[in-house]
Each structure stands twice: as C-alpha cells, then as structure tokens.
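Novice: Residue-level listing of the chains:
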Amino acid sequence: MNTILELKNLNKSFGAKKVLENINLTIPRGKIVGLLGKNGTGKSTLIKLINDLLTPTSGEVLINGKSPSVESKKIIAYLPERTYLDKSMKVAQVIKYFAEFYDNFDSQKAYKLLEELGLDVNQKLAKMSKGMQEKVQLVLVMSRKADLYILDEPLGGVDPATREYILDTILSNFNEGASVIISTHLINDIERILDDVIFINDGKIILHSECDKLRTEQGGSVDEIFRRMFRC
Amino acid sequence: MKFDFNNNIPIYIQIVEQIKTDIVAGKFKPGERLPSVRDFANETKVNPNTMQKALVELEESGLVFTERTNGKFITHDTSLINFYKQKYAEELTLTYLKRMYDIGYSLGEISKQIEQLGGNK
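Residue numbers (the numbering used here), protein chains in the order written: chain A, 112 to 343; chain L, 73 to 193.
These are calculated hints, taken from the structure and not from any lab test.
Glycine residues also receive a C-beta, built at the ideal position from the N, C-alpha and C atoms.
Please note that the accuracy of each hint is not assured.
[As the list claims (entries may be wrong)] Below, simulated BS3-like cross-link-like pairs (lysine-lysine); rule was C-alpha separation at most 25 Å, straight line:
no., chain 1, residue 1, chain 2, residue 2
1, L, Lys170, L, Lys157
2, L, Lys159, L, Lys117
3, A, Lys223, L, Lys74
4, A, Lys142, L, Lys74
5, A, Lys142, L, Lys159
6, L, Lys117, A, Lys223
[Stated by the list, open to error] Quick look at which bits of chain L chain A covers, simulated, 3 or more residues with Cβ under 8 Å:
no., region
7, 110 to 119
8, 158 to 171
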C-alpha cells in the first residue's frame, strides 16, 4: 500500500470553536513532509487526531488504510511536544522500558545514537537540560522501525548547532519506505530536508506542495513564501 | 562531504551543480561508481528523494549513467566532461567580466589585473 496516511473531511471542534475544518490530505510512503503554521492554527490538534489522542468531530483518519487503533500505534512513532517520560528514570532504564513496550524498538541503535550525541545513559532525565531531554526523546522515536514518524516541534528547545545534528539524525534514520511528518515554525532550519510542505492556517490546509516546485514557481525560500503569505 | 544549501534555490538543482562541479574538477573520476542513492544522500546529508531527482537530472545531462542492477556511474566520455568544464569556465569568466565592467574596468585593465594577480591561488 503506497499511502501511509489519509485524512478525509476531517473536522474538530472544541465546543463551539472550530479548530480544524474539512481537512483532506493524502501522504504517500517515503516522504518527509513539513507541517507549517503559526502558533495556535491547529497543527498539534491535527497531530493528536492522527495519534488517536483526540477523536474527530466528523470525518476520518486512515493509517495504512485503517482507522486509528492499537495496530496503528505500533507503526507510528510519535514525538509529542511535551515529554511524558518519568524524569526520575535513567536513560538506560527508559531504553529498557521502550524495548519492552515496542516490538519494533532497536535498543542498539538507540545506544549508538545517544553516544553520537554525547549523552550519558546513566544520567537521570531530571538531571539533564531541556535540550538534552529533547535529544533523548528524539533518539527514542527514531530508534523505532516505524512506518510513520510524527515529530511535533522537534527543534523547539535546542540550539542552532544541535538543530543541524537533529535534522541529520532524522534524515539518516527514518526507515526506508516510511514517511516523516514534522510540525514546526522553524521553517528556515528545516526546509532543506523536506520533500513537501503543508501550510495550515485557521484550521484549514491552504497549501500542499513540493518544496522545490514552490521555490521554482514562487521564487525564494519556503520560509519567505510562508512569511509573504501570512504577513501579520 | 556535506553540501551547504541556499534555501532560495531548489535543493535538487544545487545538488546537480555540486556534483557537476566535482565531476569536472576530477573529484569523481570518469567511470567511477557512485554510492547508492540512499548512501549518497546520507553522506551529503540530503533527503534521498531529492538526491534521486538530482541524479535523474545528471543522467539527462549524460554525465552519469545507470547500469542496470549495478548502480550509477560517472560517464567514461571525457570529451563530454571537458565540454561541461569549458561551459562552466565560460560562465564563471562571464560573471567576472560583467562585474569588472560594472565597476568601470576596460578589457585591457582587466587583463593587467589578471596578469598581476594570476599567480595567486
């Protein structure tokens, strides 16, 4: 099956407030897709719907052709915006925990990536800086052999030099045939690794295009095109 | 080898240019086998799909060819490589000349400049 994610007429409201409106989206396998939008435009809500953490008001989410379930969670590796790990644990304990929880978790790979990032597996999460904790989380996610990686603001708390390293880690570690969705507002940092971009504003998808096509057709970087479109 | 990119220009075009430059500069030898798309993308830290697109473009230029099941190779055709090298040199020279004319140099003065500074690498 060539489509990993399909959203059909997806709507989400919180009370009277419409957060997502009539979202239609198809993401094939083997793509890195940027989900770009200003703060509070519905990016995280969309991601939570895909991860079955919220229920749609109407419409459908299909992962590999099926509705969200335990099965879909097995093939999605999700990096949430906020950490959910028990901070009193040491990194090595978290790895053991993940290895027990997920069939497709590769502990060796996790250890290798942590070493490359210069992180101490015997350190407690609580003793690490925010940036270090984010790196640990990313390593945990990228060490799963998933079909769909969903990264919600993976660069938020890290310095520009480390951002480069994180992007390279994403690039060289996503499973062949898998897709990656990265939500961010740090477009400039991330656009070089993206195949496609989705611009989301006021709960609607207003653009879905190949990055290089966009650069050719509209001129300038994706970041500039985004700024032009959403000038306040 | 990691490529540096300018976000204003399609990334695949920049990869094409970078590899072309490496071919005409002899960093890739005629007939040399290129890494697989995925390995090449990993080495240069680019998206594998973008690398694939760049290699298709290079094949269209004739500088790269695919041997079925065996992978991609740099052309053996040294005259083609020289053709691109010359074209590239012309482009660079024209850019240089334009800028020099823009600041009011004559051809004679430009030649003198080149003679004086030509020894610098």
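Novice: So, for every hint listed, does it hold in this structure?
Specialist: Hint check:
1. L:Lys170 x L:Lys157: Answer holds: Lys170 (chain L) to Lys157 (chain L) is near 20 Å, not above 25 Å.
2. L:Lys159 x L:Lys117: 28 Å, violated
3. A:Lys223 x L:Lys74: With a Cα-Cα distance of about 21 Å, the restraint between Lys223 (chain A) and Lys74 (chain L) holds, given a limit of 25 Å.
4. A:Lys142 x L:Lys74: Cα-Cα ~21 Å, so holds.
5. A:Lys142 x L:Lys159: 35 Å, violated
6. L:Lys117 x A:Lys223: Answer holds: Lys117 (chain L) to Lys223 (chain A) is near 18 Å, not above 25 Å.
7. 110 to 119: holds (count 6)
8. 158 to 171: violated (count 0)
The structure does not agree with the numbered hints 2, 5, 8 stated previously, though it agrees with the rest.
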